Amino acid sequence: MNRLWWALGALVALLVLNVVVTPSFFSIRMQDGHLYGSVIDILKNGAPTLLIALGMTLVIATRGIDLSVGAVVAIAAAVTCEYIATSSDPGSASTALVGMAISLGLCLVLGLWNGFLVAVLRIQPIVATLVLMTAGRGIAMLVTDGQIITVNNETYRSVGAGFVLLPLAILISVAVLALVAVATRKTALGLLIEAVGVNPEASRLAGVQSRTIIWTVYVFAALCAGVAGLMISSNVSAADANNAGLWIEMDAILAVVIGGTSLAGGRYSLTGTLLGALVIQTLTTTVYTAGIAPEITLVFKAVVVVVVILFQSPKVQALFRRRPKRPVAEVLKPQEVAS
Amino acid sequence: MLKKITAAAGVVLLSVLTACGSGDGGASSTNSGGSKDGITMGFAQVGAESGWRTANTKSIQDEAKAAGIDLKFSDGQQKQENQIKAIRSFIQQKVDVIAFSPVVETGWDAVLEEAKAANIPVILTDRAIDSDDESLYATFLGSDFVEEGRKAGKWLAENAGGPVNVVELQGTTGSAPANDRKKGFAETIASKPDIKVVASQTGDFTRSGGKQVMEAFLKSVPKIDVVYAHNDDMGLGAIEAIKAAGKVPGKDIRIITVDAVKDGMTALAAGEINYIVECSPLLGKQLMELAKKVVAGEQVPKRVVTEETTFTQEQAKAALPTRQY
Numbered sequence: 001m002n003r004l005w006w007a008l009g010a011l012v013a014l015l016v017l018n019v020v021v022t023p024s025f026f027s028i029r030m031q032d033g034h035l036y037g038s039v040i041d042i043l044k045n046g047a048p049t050l051l052i053a054l055g056m057t058l059v060i061a062t063r064g065i066d067l068s069v070g071a072v073v074a075i076a077a078a079v080t081c082e083y084i085a086t087s088s089d090p091g092s093a094s095t096a097l098v099g100m101a102i103s104l105g106l107c108l109v110l111g112l113w114n115g116f117l118v119a120v121l122r123i124q125p126i127v128a129t130l131v132l133m134t135a136g137r138g139i140a141m142l143v144t145d146g147q148i149i150t151v152n153n154e155t156y157r158s159v160g161a162g163f164v165l166l167p168l169a170i171l172i173s174v175a176v177l178a179l180v181a182v183a184t185r186k187t188a189l190g191l192l193i194e195a196v197g198v199n200p201e202a203s204r205l206a207g208v209q210s211r212t213i214i215w216t217v218y219v220f221a222a223l224c225a226g227v228a229g230l231m232i233s234s235n236v237s238a239a240d241a242n243n244a245g246l247w248i249e250m251d252a253i254l255a256v257v258i259g260g261t262s263l264a265g266g267r268y269s270l271t272g273t274l275l276g277a278l279v280i281q282t283l284t285t286t287v288y289t290a291g292i293a294p295e296i297t298l299v300f301k302a303v304v305v306v307v308v309i310l311f312q313s314p315k316v317q318a319l320f321r322r323r324p325k326r327p328v329a330e331v332l333k334p335q336e337v338a339s
Numbered sequence: 001m002l003k004k005i006t007a008a009a010g011v012v013l014l015s016v017l018t019a020c021g022s023g024d025g026g027a028s029s030t031n032s033g034g035s036k037d038g039i040t041m042g043f044a045q046v047g048a049e050s051g052w053r054t055a056n057t058k059s060i061q062d063e064a065k066a067a068g069i070d071l072k073f074s075d076g077q078q079k080q081e082n083q084i085k086a087i088r089s090f091i092q093q094k095v096d097v098i099a100f101s102p103v104v105e106t107g108w109d110a111v112l113e114e115a116k117a118a119n120i121p122v123i124l125t126d127r128a129i130d131s132d133d134e135s136l137y138a139t140f141l142g143s144d145f146v147e148e149g150r151k152a153g154k155w156l157a158e159n160a161g162g163p164v165n166v167v168e169l170q171g172t173t174g175s176a177p178a179n180d181r182k183k184g185f186a187e188t189i190a191s192k193p194d195i196k197v198v199a200s201q202t203g204d205f206t207r208s209g210g211k212q213v214m215e216a217f218l219k220s221v222p223k224i225d226v227v228y229a230h231n232d233d234m235g236l237g238a239i240e241a242i243k244a245a246g247k248v249p250g251k252d253i254r255i256i257t258v259d260a261v262k263d264g265m266t267a268l269a270a271g272e273i274n275y276i277v278e279c280s281p282l283l284g285k286q287l288m289e290l291a292k293k294v295v296a297g298e299q300v301p302k303r304v305v306t307e308e309t310t311f312t313q314e315q316a317k318a319a320l321p322t323r324q325y
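Residue numbers (our numbering), protein chains in the order written: chain A, 1 to 339; chain B, 1 to 325.
It is possible that some hints are incorrect.
Unchecked claim - Just the calculated beta-carbon pair ranges, DEER-fashion:
1) B:Lys247 with A:Ala93: 25 to 31 Å
2) A:Ile292 with B:Glu113: 38 to 44 Å
3) B:Lys58 with A:Thr187: 55 to 61 Å
4) B:Thr106 with A:Arg211: 47 to 53 Å
5) A:Ala318 with B:Lys223: 47 to 53 Å
6) A:Trp247 with B:Thr322: 34 to 40 Å
7) A:Leu35 with B:Gly107: 46 to 52 Å
To be verified - Restricting the straight-line Cα-Cα distance to at most 30 Å, the calculated cross-link-like pairs of lysine-lysine (DSBU-like) are:
8) B:Lys196 with A:Lys301
9) B:Lys262 with B:Lys247
10) B:Lys154 with B:Lys247
11) B:Lys302 with B:Lys285
12) B:Lys293 with B:Lys58
13) B:Lys302 with B:Lys154
14) A:Lys301 with B:Lys183
15) B:Lys251 with B:Lys183
16) B:Lys85 with B:Lys285
17) B:Lys65 with B:Lys285
18) A:Lys301 with B:Lys223
19) B:Lys79 with A:Lys301
Note that these hints are calculated values from the structure, not bench results. Keep in mind the model is a prediction, meaning the values are calculated, not measured. Glycine included, every Cβ here is placed at the ideal spot set by N, Cα and C.
With the rest of the complex left out, here is chain B (with noise of 0.2 Å):
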């Protein structure tokens, strides 16, 4: 605990020493030359801002190891700028092939046309970009997020078992994974006139936002049998303010989510919440298939999707033990 203080404390120092004169392209390289006869992979990661995303690099940087690609990795602290230098950087040291999570949709083109004029293909990961070129990426591996609402709507007209009131904690507004887990969700449930979402508010995929609207809806809602929240954290902040109301969660209110880290998984595992819709951020083996492949000029699918599940409360059990993340 103090050594991390300290730690902190050390690097915040740091930071204003070197924020005058800090030059270089940002790309912090855990490798240093290529070899000769490997592939080396630029991988210019988002950030690490959440234990989600600390998985997603993990699994890169292990798999990476298994399939004996080079890895240079760059961690891009939320900044599209910063991606774009590790970007450059990667060119410049003339990779094989460079992967890519976005941060933004928009504005990635400038930098795509400088790998494509240095022919480097390029791997989007877990989020795309926005632009008319297709021919700017050579594939785009990541979740489907409208597959995951359906999945959760699935489940639900399943085991819906009579007429039942859906209250929907919805993602931070206007970001992809909201509105496709929403649309998802909502075309699965559209057959079944049994199933009627009453209230839909976002909470901006945090706890304390999942908290503050369930509390609401709890007071304006009359009847609520069902949540369905668009992440676990959400979900987990419902469970607090169902708890406080004094009724039972996963029992009461029954709730699905989607996800499945760690603090979700142990809920479903103790019954507070009903079924979780696997997002899962353990693409780095699917990632240097694909990056090996596209090195060799094979052809691959412009849209790959993650390999994903769905877990009960039994499966829960079973898979929370050897729980990454």
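Bound conformation, chain A alone (with noise of 0.2 Å):
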């Protein structure tokens, strides 16, 4: 618990920073129907993000990682657009439908892949999922010709760009993650999860299905960068296989790392991978409105982050704990005498 409140206490200092900077940053008006203000874009930008993670926080509590969300991102990028862009009938809502049914269902295959490597094959998840990052991103560009596919939909767009008062994209992944709460958190499903990443062969000689609960998460994280990948691609109504979720399993493991999820499996938490995805999100914002410049912007991002994880660490933490009450009393105490 005590992890969460760093997460916290990054993302309200970068708030604070923020309104320092920009006063104007929690204005929120009415626009065409829709909210829009700086903390709204935050919460559209960071949904994939956000995703991402929650699937990734599944994968690393079973003491795994997932490598090839990114790619899988550009893959279902890709096939969604090429769909649509070849169809006969390029702006129906059904045309946008079946594209994203057919990249989802490639997904889930994906997902199976991965699963299969790692609960059958018994190999290394970082090694496993690295053939699908590396494969993944050439798949996407054989779909696209290496070209940028643009397309011309409505209902495409409306799942990375559209409003239902919020953003559409925000609203899909705060169900998903009341989805995953629910079914992880009231059922034995959690707990089992957990039991693997404590020790897959205790837990699997205890009759927990560790072979089965480790596919089902992978095929889960997939899916999760699946509808990711349709976000991202349809807030600019375009794939870019080159560009699309580029490094995007780096911030996601970010968020779940910031959340105080260890990697180390068996223990993990959601609120935390959630607020870990708004601490990155926030950042990158944070760096726009505030006119870091460019150069710069990369050390500014690690600075933050290195706060955070350092201030996270056990060592630092025993620090905090070691001195109670004794060392608060004595700086009051010069305070009391000057008042």
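Two chains, each in its own frame: build the complex with the hints.
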């Protein structure tokens, strides 16, 4: 729980920094029937990262990792846009729905592939998913012929750029978050996932179907990545096989880690992942609104991340715990004298 | 569509199967055996990362055929090692001239020394290399990114019509086109106190990047009159953001971009972009002319700039139907 406070603290600090630099940061107004403001942007642009981080959380909880999500994003974007662009009726809603269904079906297969490598062939997750990370972007390039495919389809556009008062993208992500929370915290599923993460062999001997569970989390991660791919590409109505979801696997892993989930597996926090994803997107938006020079953007991001991770480390946490009330009392004394 | 997915799956399978035993030079020559009388050219392309690059490749292949030059073409797939392998294999095949688009700026000295020792002239296209030894290549044919920035600045200076606030969407930080397009634009508007760049951020040359940065600018910068984007894609992303803010791109906020790819030209013709500076990939014809001169031993300038133009909305409407890329 303590770790969550640091993630929350980082988020609040970033928001405060934004308000100081841009006083109108929190102002939200209605624009063409939906909410419009910087905070809404953070939610909308952070939705794909949140979604992928959710899948990643469960994978990491089983002591695994999925590096292929960025490539899956590119494939989902490429397949959907290529389908819509080459169909006989590229503007209709049904075309968009069929296209999205096909690409999500494909993502399911990709997830099954990852799960097969990890759960059945027992290949180390980082190696197993590296295969698809490398090959996946190539597949997306083949589907699009290396071109950026632009589509003009209102139904498709709404997934990433549409609004129902709030951005549709964030509503989808929060719905998935709620779904995962209920499925893993109100049933034994969460416990089983954690058991597999702590010790797959022991949990198998205790009767947990660890193979099925591991397989399931990789399929779920790939599906999350697929939906995120639809959001990312529909946000700009185009599929860019080279850049869609590039490095998003790193952002997702970072979100999970900032949220306090250990890469060693066994324990995870969905609230933490939500906070982590928000911290990462707020960081990006801060860079833009605060006018931080592009040359030092990465340094700025690195400093924030290092500080958050540093404060979460067990050693530093122990430092804080070791001096309980006494130092506080000593600090107070001079102030009392002064007043 | 399905065919493409099947093909993709097939290629993945093939690459898995051949991954262990692939030791060939990486150069897949389109024609086998050089003709005795004509010129043989080895070309090591960067890859096929964008529509611009695909058009670049097609232009070189078409113009080689038209000029009667036997072209050996290799796709480097964005990897320097592949390009170096390809150049080595060109040297072994004793081609008459080697041309290539270096994927990165450094690390070419060794392989170019080999070409020089084999007396094969080298032409750089599109991108330069960073080397102290200028004798390693005969000439460099490519766009002048600083000039592109100047052209964009010049149009704005002539069409500003009063004081304007400009926001700049930069390319990938540190890349030559981003640095130079920023520089050229800045030096042109330096003498115009009416034109102010009020915010400048990188959108990484992508639509998503352009859209995200523009969304943030629209909220944090009080008054935006003009967007200057270092490529069409970021400009197209900015259009989306401007529309979402309830403003009209091309009217409320004017947009200047660089590249002139088809999607950008379509937006220009539709009035959503105001001016595009061309960065042409169609350098095949100039390359073949240079190659003939170099092989014949004629003197060529060390730096040749690609023939490029600019487009207004009217010109875009006229040019769009025949646009190749």
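Hints, verified against the model:
The beta-carbon spacing between Lys247 of chain B and Ala93 of chain A, approximately 27 Å, falls within the hinted interval of 25 to 31 Å. A beta carbon spacing of about 43 Å between Ile292 of chain A and Glu113 of chain B agrees with the range 38 to 44 Å that was offered as a hint. For the pair Lys58 of chain B and Thr187 of chain A, the beta carbons lie near 56 Å from each other, so the given range of 55 to 61 Å is met. At about 48 Å, the CB distance of Thr106 of chain B to Arg211 of chain A agrees with the hint of 47 to 53 Å.
A C-beta distance of roughly 52 Å is found between Ala318 of chain A and Lys223 of chain B, which places it inside the suggested range of 47 to 53 Å. In this structure the supplied range 34 to 40 Å holds for Trp247 of chain A paired with Thr322 of chain B, their Cβ-Cβ distance being about 38 Å. The beta-carbon spacing between Leu35 of chain A and Gly107 of chain B, approximately 50 Å, falls within the hinted interval of 46 to 52 Å. About 28 Å separates the Cα atoms of Lys196 of chain B and Lys301 of chain A, which keeps this hinted pair within 30 Å; it holds.
Annotation: proposed proximity of Lys262 of chain B to Lys247 of chain B holds, straight-line Cα distance about 24 Å (limit 30 Å). Taking the CA atoms of Lys154 of chain B and Lys247 of chain B, the gap is about 25 Å. The hint holds against a cut of 30 Å. Between the alpha carbons of Lys302 of chain B and Lys285 of chain B the distance comes to roughly 18 Å, so the proposed pair stays at or under 30 Å and holds. With a CA separation close to 22 Å, the supplied pair Lys293 of chain B and Lys58 of chain B stays within the 30 Å bound.
This hinted pair checks out: Lys302 of chain B and Lys154 of chain B have alpha carbons roughly 27 Å apart, not beyond 30 Å. Distance restraint check for Lys301 of chain A and Lys183 of chain B: the Cα-Cα separation of roughly 26 Å lies within the 30 Å cut-off, and the hinted pair is therefore satisfied. For the suggested pair Lys251 of chain B and Lys183 of chain B, the alpha carbons sit about 26 Å apart, so the restraint of at most 30 Å is met. Of the supplied pair hints, the one linking Lys85 of chain B and Lys285 of chain B holds, its CA atoms being roughly 26 Å apart against a limit of 30 Å.
Taking the CA atoms of Lys65 of chain B and Lys285 of chain B, the gap is near 10 Å; set against the 30 Å cutoff, the hint holds. Distance restraint check for Lys301 of chain A and Lys223 of chain B: the Cα-Cα separation of roughly 28 Å lies within the 30 Å cut-off, and the hinted pair is therefore satisfied. Straight-line distance between C-alpha atoms of Lys79 of chain B and Lys301 of chain A comes to about 28 Å, which keeps the hinted pair within the 30 Å bound.
Going down the numbered hints, you'll see the structure goes against none, and every one checks out.
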